Structures are given as C-alpha cells and as structure tokens.
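K.L.:
Listed here are the chains, written in short residue letters.
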Amino acid sequence: MAHFMTLPEAVAQNLKAGDTVAFEGFTHLIPHASAHEAIRQGIKDLTLVRMTPDVVYDQLIGMGAVRKLIFSYAGNPGVGLLRRLRDSVENGWPNRIEIEEHSHAAMANAYEAGAAGLPFATFRGYKGAELARVNPNIKSVTCPFTGEELAAVPAIRPDVTFIHAQKADRKGNVLIEGIVGVQKEAVLAAKRSVVTVEEIVDDLDTHPNACVLPGWTVTAISLVPGGAHPSYAHGYYPRDNASYIAWDKIAADRDRFLAWMKDNVLDATPEDFADRIKHLRSAA
Amino acid sequence: MSEPDFTSDEMMTIAASRALKNSDVCFVGIGAPSAACNVARLTHAPDVTLIYESGTIGTAPQVLPLSIGDGELCDTAVTTVSVPEMFRYWLQGGRVTVGFLGAAQIDRFGNINTTVIGDYDTPKTRLPGGGGAPEIASSCGEIFITLKQSKRAMVDKIDFFTSFGHGEGGDHRQRLGISTKGPTLMVTDLAVWKPDPVTREFTVVSLHPGVTREMVQDNCGWTVRFAEDLAQTSRPSGVELTTLRDLNARTKAAHSGGKTGEAA
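Residue numbers (this note's numbering), protein chains in the order written: chain F, 10 to 293; chain G, 947 to 1210.
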C-alpha cells in the first residue's frame, strides 16, 4: 500500500547504494526531483536503467553516483550529446561507467517482461545490428512453432523505480496522462516504487481506460509540484526546452557543471521545483 | 518574377518531403526527417500518418518538436499509446510503411552508425546510440534517409553497424531473413540517391539545382556512382518554401520562449 511521505524520506527508505534503479520517463514526466534527492543523499554505486537517459542521468553520472548504465538512447534530444556521459565513457571522469546498450524495442520488451514476471523478452529485432556483438545480454531463441529465430534479452527487474505523475488520490492510486511511455511497466517490474505527483486529490476524475497504477502497486508517494522540470507534466506545464538547450553549455565544462550542481541541486530542496515552473504555467 | 532563392538545407528538406505519399504511415526520426515529414503533411500529403516513437500516432504538430516527446505531439495525435505497444503492435506488427531516418555516419549501402566514432569499448566520440533505429530499419516497409553531405558523415566504412541497410549489398538483407525493402531513398543537401537494383549501392539519380557532380563527390567519402539518365531536382515551389519557412519560424519562437507553442 502506498505510503505518503516527504521525498527525502521516500528516497532514504527505498534507494540504497548499489541498487539497480530506473528513473523512468520517455521524454515526458521525467522524475528530476527524485534523482536530485538521490544526488543530495550521496547514494552511490548505482546501476541506472532508462530507455532515454538525458539531462538528469548526465547529472547523476557527472556527480559520480553511477557504476553502470543500461540504456537504448543517451542524448539531449534535439540538442546534442550528453557531455558528462561522454566524459565518463571517453575519459573516465569522474569514473568510467560500465555500459549495457540495447535498442528501444529491446528495452520496452524487457520492461514488459519484467512487469509480466517473465525471465526474458522475445521480439523480432537486432537483425544485422552490431549491438548483438558487443552486448552479451543480446541472445536469440527459436520459435518452437515456426522455427523463426527471434531476439531475446533478459527482463528488467529494478530494485526500485522512480516516476513522476500528474496526480494521486488519497488512497494512493496514481494517474499518468499524455505520453505514458514505459512507466507503468517500469513500476510493475520493480521490487519497490516511488511516485512524485503534481497534486493529491480526492477523486482522480478519470475515465475507465485511463493509465492508473492502483495504490497497492506503489511503495511511496511524495507531493512535489514541478517535480519533472525541465521535463513536463501534461496538463500542468510544458517542457522547458530553453533549459534543455542551456544544459549543453553547462555540461561542457567540469567546473561549470559542478558549480551548477551545487547551486541547483546540492543546495536546493524538492520545494524549489514549484518555483521553476511558475513562468511556464503562465506561458502555457 | 524571378525564381525564389533557397538554401541547400531548404532544398534537402523539401526534396525529402516530396517522397512521402498521402497514404503513408511514417515513423519519424528527430531532426531533419521531422521537418521533411511535416512539410509533406502541410503541402501535398495532408492525410499522411506521422508516428513518433514516444507513442503518438497520427500527430499534426504546429511546431516541430525539440524531442520526440514534446506535448505538442500528444495534443495533436489521433491516439497516444505506451512505448511497448508502439514497438510491439505498430512497428513490429508491420503497420508502418516508411521509416524516415537521419544519420551521423552512413556508407554506400545505407548502413547507419549513430553509436560510436572509433572503437566501441574505447570510443573517440560516444554518440547517443540506436534508440528505435535498429528495429525501424528492419520492420518498416521501406526506409528513407536524409542528411547533409560531408566526408565525415558519408564514409567508405562506418565504425559501427547501428542499423542495417543493405549490408554488403546485393541480397544481404534476404540472407539475414529480413523481408522488408530497407533503404530505398536518400536525400542530401546536394542530390537525390536511390539504390542500384542489383548491387544496392546508393546512386545519384538527381542533382539539386546549381549542384555539379564534382560538388557531390567532394562531399562524399566513397567514389560516387551517377545514374546514366541523371535528372535535376525540381526547384522548391513558392508554397513549399513558405510552408517550410513558416514552420521553422514558429518552431524557433516556441523553443526559445520555453513554450510548447499552442495556438493562442
């Protein structure tokens, strides 16, 4: 059953050093506030999972919190490459992270397999693709009915998944709207889950087929308005594209990066996110 | 009236947009393909179905998205599905006729690298990776590619096979059990290319206005083959140019202001 608590409590109780953790969000509802709290608490040696690691994974990697990254596309979409990730992989700063790289189809299927309690996922993929050469977790199976050879990858089963959602009701049922990505699968695949929400309401006021995670599938819920910023929360505030563009220069230099992290993460609190979206709300 | 002036980038986007049919269901890559696909939708192909891998099906954005998941795409879509559903039912299920991709590095057979420059384990440049491309390349009916020409991008040998085009050429796709057509068109800022029917090597079939064979060769890392009946690409029409420039202006205004660009 979902327990309501502050974000620092939710992170401290659910994320441990050495965990495999997904801060999921496919270009929407990315749980920035949760990842910042993990950085503030100094939790290290993490295996990070995410289909589309972007700015917030660049921050976790640059702060030395990460041992390994499992992913399928690592970039600042429409802007460029992740400079902290590059510095880690190319130069070993602050540490050289281990990489396990897949395609989107593989990751999406692997999360679904995790949610479905299966040991692996199978799909028609990786044909002629070289990732199969460099990633020993990409294998193949033969269909017992047709003889077709299909790709196989292990299910993703995070120790804990963090997501951001629009709202929860007072029983802890969580509503996700808009581009729902792979968050439902990522929560159901994980042993524990933490959800930050824009608001807590009496009634989710939704329709029968909405994407709702029942409260008993969620471990902890924290109220963090703006907690996705600079990502967005559909119906609440738009994507802060200017911040994504600005990140490219901040991340280009180690000292500038560290100074930005001190000002905006280490010396900040979850409550600061509400201020960061004020100008976006009025613009929307 | 003199003919309208245009840049080579505009020519590339417009020539690429012409390849899409009104009946196509197109999986749209970010960047140059996204502009081309939306120009097609706003000109000759109003009913084209544009799909972005964030799950938005039948989207009609007023401004180009910066990411493949801007809210604009969801707001204007016929429906938005989860990412597993997108890749399982819609892409793997064989419902997409065209995959429209960009490329960091490409070879003459349309094999694409967006993973690393240099060795995989000790890369000179770590690129974003494949994302949806490996399965887009094998599951869509055919693949269109658009990119700016340079010797750095168009190379004799790519550093990593992120997504499979025609491999070593000929029937390499069939030998791997891939039943889709693979790359059938490449549009650059200088020319339109199509694969040779037998060898599958990309061959220049049409030069953009003002472009010479030498210019194409000087900006390509392999020895370029030209079709015997080499054509010239039609100039952008006034409508095509206006549509593209308006789209770019709306996009620039929206992204610099931090808005998603909903109509007022």
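It is worth saying that the hints were derived from the structure and are not from the lab.
Hints are supplied without guarantee of correctness; some may be wrong.
[As the list claims (entries may be wrong)] Below are the PhoX-like pairs computed for lysine-lysine, each with C-alpha atoms no more than 25 Å apart in a straight line: (1) LYS77(F) with LYS287(F); (2) LYS136(F) with LYS1198(G); (3) LYS258(F) with LYS1127(G).
[Claimed, not checked] Using C-beta positions, here's what the derived DEER-type ranges look like: (4) SER252(F) with SER1183(G): 13 to 23 Å; (5) GLU1114(G) with LYS148(F): 20 to 30 Å; (6) VAL1024(G) with PRO217(F): 11 to 21 Å; (7) CYS152(F) with VAL1185(G): 30 to 40 Å; (8) PHE154(F) with GLY1184(G): 26 to 36 Å; (9) TRP102(F) with ARG1171(G): 36 to 46 Å.
[Stated by the list, open to error] If you want the footprint, here are the derived chain G segments under chain F, 3+ residues with CB under 8 Å: (10) 951-963; (11) 989-1002; (12) 1008-1016; (13) 1038-1045; (14) 1100-1112; (15) 1186-1198.
Please read these numbers as outputs of a predicted model, since none were measured by experiment.
Just so you know, even glycine gets a beta-carbon here, dropped at the ideal spot from N, CA and C.
K.L.:
Starting from the hint list further up, note which numbers the structure goes against and sort them upward.
P.N.:
Result: hints 1, 2, 3, 4, 7, 8, 10, 13 and 15 break, sorted rising.
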